[in-house]
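Visitor: Sequence:
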Amino acid sequence: MADTQLAHMVYFTLNDGSPEAIQTMVDACHKYLKDHPGVVYFSAGQRGPEFQREVNNQEFHVALNVVFDSKESHDIYQTAPDHLKFIEENKASWAKVQVCDSYVTS
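Numbering follows full-length UniProt numbering, in which position 104 of the sequence shown is assigned residue number 104; successive positions increment by one, without gaps.
A couple of the hints might just be wrong.
To be verified - Label-pair ranges, simulated between beta-carbon atoms:
hint	residue 1	residue 2	range
1	18	89	31 to 41 Å
2	82	54	18 to 28 Å
3	20	75	30 to 40 Å
4	83	54	29 to 39 Å
5	4	78	31 to 41 Å
6	95	30	17 to 27 Å
7	105	18	36 to 46 Å
8	7	94	34 to 44 Å
Claimed, not checked - Subject to a maximum C-alpha distance of 20 Å in a straight line, what follows is the list of computed SDA-like cross-link-like pairs (lysine to any residue):
hint	residue 1	residue 2
9	71	83
10	31	43
11	96	19
12	34	85
13	85	26
14	96	11
15	34	24
16	34	101
17	96	37
18	91	40
19	34	102
20	71	3
21	31	10
22	85	53
23	91	3
24	96	84
Quick caveat, the hints were computed from the structure, so don't treat them as lab data.
Remember, predicted model here, so these are calculated numbers, not experimental data.
Each residue gets a CB set at the ideal place from its N, CA and C atoms; glycine is no exception.
Could you build the full structure based on these sequences and the hints that come with them?
Guide: The structure is reproduced here in structure tokens:
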């Protein structure tokens, strides 16, 4: 399908759940992950603590949402220097990372 995109959703649980640590992680996402070729949508931010429905996942601190124009763009992003630098500089702060990749259409 011509309009198929790849949604790359990542949920970070941090070792330190303080507001400062959360903001540092959000800032790192914006610094290293925002401007890659093929990105059609980018957002990063903290989990809303007011979302308390039974179905809401309460186990993460920061959500990263990136939609790529294709799987090929996503695959290039995975080995891009800025993506690798983001991982190198931030992985020590992660207690858990959940990645959810899916094909989406608009």
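Visitor: Now look at each hint and say whether the structure bears it out.
Guide: Verification of the hints:
no.: 1; hint: 18 <-> 89: 31 to 41 Å; result: violated (18 Å)
no.: 2; hint: 82 <-> 54: 18 to 28 Å; result: violated (38 Å)
no.: 3; hint: 20 <-> 75: 30 to 40 Å; result: holds (34 Å)
no.: 4; hint: 83 <-> 54: 29 to 39 Å; result: holds (34 Å)
no.: 5; hint: 4 <-> 78: 31 to 41 Å; result: violated (18 Å)
no.: 6; hint: 95 <-> 30: 17 to 27 Å; result: holds (21 Å)
no.: 7; hint: 105 <-> 18: 36 to 46 Å; result: holds (39 Å)
no.: 8; hint: 7 <-> 94: 34 to 44 Å; result: violated (21 Å)
no.: 9; hint: 71 <-> 83; result: holds (16 Å)
no.: 10; hint: 31 <-> 43; result: holds (12 Å)
no.: 11; hint: 96 <-> 19; result: holds (17 Å)
no.: 12; hint: 34 <-> 85; result: holds (13 Å)
no.: 13; hint: 85 <-> 26; result: holds (15 Å)
no.: 14; hint: 96 <-> 11; result: holds (8 Å)
no.: 15; hint: 34 <-> 24; result: holds (15 Å)
no.: 16; hint: 34 <-> 101; result: holds (17 Å)
no.: 17; hint: 96 <-> 37; result: violated (27 Å)
no.: 18; hint: 91 <-> 40; result: violated (25 Å)
no.: 19; hint: 34 <-> 102; result: holds (19 Å)
no.: 20; hint: 71 <-> 3; result: holds (12 Å)
no.: 21; hint: 31 <-> 10; result: holds (16 Å)
no.: 22; hint: 85 <-> 53; result: violated (36 Å)
no.: 23; hint: 91 <-> 3; result: violated (33 Å)
no.: 24; hint: 96 <-> 84; result: holds (17 Å)
Of the numbered hints given earlier, the model fails hints 1, 2, 5, 8, 17, 18, 22, 23; all others are met.
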